[in-house]
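From first to last, the protein sequence lines are chains A and B. Under the UniProt record's numbering, residues 1 to 289 are what the first sequence spells out, in order. Under the UniProt record's numbering, residues 1 to 289 are what the second sequence spells out, in order.
Hints may contain errors.
Chain copies aren't distinguished; within one or between two, either way the pair holds.
Claimed, not checked - Listed below are the simulated SDA-like cross-link pairs for lysine to any residue, each with C-alpha atoms no more than 20 Å apart in a straight line: (1) Lys30 - Asn16; (2) Lys267 - Ser289; (3) Lys13 - Leu29; (4) Lys111 - Phe283; (5) Lys126 - Asp56; (6) Lys113 - Phe210; (7) Lys212 - His119; (8) Lys267 - Gln282; (9) Lys159 - Gln224; (10) Lys93 - Ser260; (11) Lys111 - Asn270; (12) Lys267 - Asp198; (13) Lys13 - Ser32; (14) Lys132 - Ile38; (15) Lys251 - Phe210; (16) Lys212 - Gln279; (17) Lys180 - Val67; (18) Lys111 - Lys267; (19) Lys285 - Thr266; (20) Lys132 - Val147; (21) Lys285 - Leu274; (22) Lys251 - His192; (23) Lys13 - Ile31; (24) Lys212 - Thr266; (25) Lys196 - Asn16.
I should point out that these hints are in silico values taken from the structure, not numbers from a laboratory.
2 protein chains.
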Amino acid sequence: MKDILTSLPPYLKMENDELWLTEDDRENLKISYRIKEIIFSEQSPFQHVMILDSYDFGRMLVLDGVVQTTSIDGHIYNEMISHVPLQFHPSPKKVLIIGGGDCGAAREVAKYKHVEEIHMVEIDEKVVQSCKEHLPEVSGNLSDPRVRFIYTDGVAFVKDHANTYDVIIIDSSDPVGAAKELFSYSFYENIHRALKEDGMMVCQSQSPIFHKDILKQTYTNIRQLFPHASIYTATVPTYPGGLWSFTIGAKIPLSLPDTSSLPADTKYINDAILTQCFQLPQFMKTILS
Amino acid sequence: MKDILTSLPPYLKMENDELWLTEDDRENLKISYRIKEIIFSEQSPFQHVMILDSYDFGRMLVLDGVVQTTSIDGHIYNEMISHVPLQFHPSPKKVLIIGGGDCGAAREVAKYKHVEEIHMVEIDEKVVQSCKEHLPEVSGNLSDPRVRFIYTDGVAFVKDHANTYDVIIIDSSDPVGAAKELFSYSFYENIHRALKEDGMMVCQSQSPIFHKDILKQTYTNIRQLFPHASIYTATVPTYPGGLWSFTIGAKIPLSLPDTSSLPADTKYINDAILTQCFQLPQFMKTILS
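With the rest of the complex left out, here is chain A (with noise of 0.2 Å):
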């Protein structure tokens, strides 16, 4: 017994000969996974990264203990950060992803026939891998040629390209840690800089219940950058409260075409989630007021 207990990876127990996971980054709140099997496990320069298979939730991608995403829920946010940018604008065409090292947001990006090159700027290269080997329900163990993957920090990067993407996707984890610098005004005026004159961004913005500060302060950060900036949401599970937003900056208006051209594989987007999605419950409303 002492064997496997010592040989355990962190953020995992044996209780009464189940394996646990247990989130425990957040104080008032701890949630438990029940874990099948430990798929993937290795300290990385940056973070503790595993593949865990989960009863409830599927294989699930795991940083420093906390669950990033799953396989029941991960195409909800991918989708929901990828399809809305690349309806709106008129002809996407060079897309930046910066983090997004499950691939998810990158594999839905490559639906789009007419996108040319798919930069995906992630500071983690074990993630990427781990997720394309051993993560496929969310990754789709993504080889479409015309993704460049950039092993790098994102903030650094867009200083150095200006004028250079139609899209930006800002695919983070918690505003903690390295991504913090993800969430602050002066990366968003890089970020900024680095679209072409028709070009939009898209940042995932946090909780609306729990995290509403942040939520504010993205919007006011893009409101003030951008001329058209607007906030939608979207439910994924996995995530506390459920309840996720999502915010988006434009150097266009934005407008959609007469018809959508979503992919007819999606799992959760369609074309009336793509216009529902911006109708923000009351009590948003009165936060961003």
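Fit chain B to the known structure of chain A by using the hints.
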């Protein structure tokens, strides 16, 4: 220390001098809430009833150790289960609520001046009394003279009331134990009979993520009985997965008046949400097809 431990209500435990409630009704997922204070704790003839003050969700109603509603999101559920049918019905005068012991649905219904009678049939008086006294954020200390509290079994009650109500709201807990029959075909038959000829019913039909089979069965039952049936969703943070479904069954076509008459003080629902809530994600359409 021993005294404190032995005097703790069930479902609660002390850990490093912190008080925690752990929901473990599910086999493979546990959610633990840090608790500030035990406000109320008693065994009723039907279940164990607690009102707890938590750090992240404020005061919560906890039945047999499972969180039912909280101060921070109770209004979402209660607004959505009440205002949607009341907006669609052309002239709701007599409303029946089955369950709904937290008084939140009755509180919302009471906001309509043209509603003449609200019958609230709840099996457990202790739930109603404790919520009225200790959970004002949800119950609003409900004391409207149009509300008549009837402490009995909802299943038996509807059998004896044919052709009586304009709107019936089935605000049940999960389909286990006593609440199981509130999801049966024969119960919906009696609901149909208890409604007037232009009546409509709504029920909570569980999570589209974790209880696909219940949602599908509920929708199938209601569609068999009512000429008009439809599903809508809302995100309720403290329910597993966040995304929650409601199913409406109506004897007349579902159409909104030109101008809605939503009360001014809602925190979640507004005119846009009232229509967009019926736009289902693609995977829900797949479940229901």
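Here's how the hints hold up against the structure:
1. Lys30 - Asn16: both (19 Å within a copy, 14 Å between copies)
2. Lys267 - Ser289: This pair counts as between: shortest inter-copy Cα distance 14 Å, intra-copy 33 Å.
3. Lys13 - Leu29: Both, since 18 Å and 14 Å are each at most 20 Å.
4. Lys111 - Phe283: between (35 Å within a copy, 19 Å between copies)
5. Lys126 - Asp56: Close neither inside one copy (25 Å) nor across copies (34 Å); limit 20 Å.
6. Lys113 - Phe210: Neither: 38 Å inside a copy, 35 Å across copies.
7. Lys212 - His119: neither (31 Å within a copy, 37 Å between copies)
8. Lys267 - Gln282: Cα proximity of Lys267 and Gln282: across copies only (5 Å, versus 27 Å in one copy).
9. Lys159 - Gln224: So Lys159 and Gln224 pass the 20 Å test inside one copy only (19 Å; across, 60 Å).
10. Lys93 - Ser260: Cα proximity of Lys93 and Ser260: one copy only (17 Å, versus 43 Å across).
11. Lys111 - Asn270: So Lys111 and Asn270 pass the 20 Å test inside one copy only (15 Å; across, 35 Å).
12. Lys267 - Asp198: neither (29 Å within a copy, 36 Å between copies)
13. Lys13 - Ser32: This pair counts as both: shortest intra-copy Cα distance 10 Å, inter-copy 16 Å.
14. Lys132 - Ile38: within (16 Å within a copy, 47 Å between copies)
15. Lys251 - Phe210: Intra 30 Å, inter 40 Å, cutoff 20 Å: neither.
16. Lys212 - Gln279: Answer is within; shortest intra-copy Cα gap is 17 Å, inter-copy 26 Å.
17. Lys180 - Val67: Classified as within: same-chain Cα gap 18 Å, cross-chain 33 Å, threshold 20 Å.
18. Lys111 - Lys267: within (14 Å within a copy, 38 Å between copies)
19. Lys285 - Thr266: between (29 Å within a copy, 12 Å between copies)
20. Lys132 - Val147: within (13 Å within a copy, 58 Å between copies)
21. Lys285 - Leu274: Both. Shortest intra-copy (19 Å) and inter-copy (15 Å) distances satisfy the 20 Å Cα cut-off.
22. Lys251 - His192: Result: close within a single copy only, 9 Å intra versus 54 Å inter.
23. Lys13 - Ile31: both (13 Å within a copy, 16 Å between copies)
24. Lys212 - Thr266: between (29 Å within a copy, 19 Å between copies)
25. Lys196 - Asn16: Close neither inside one copy (57 Å) nor across copies (54 Å); limit 20 Å.
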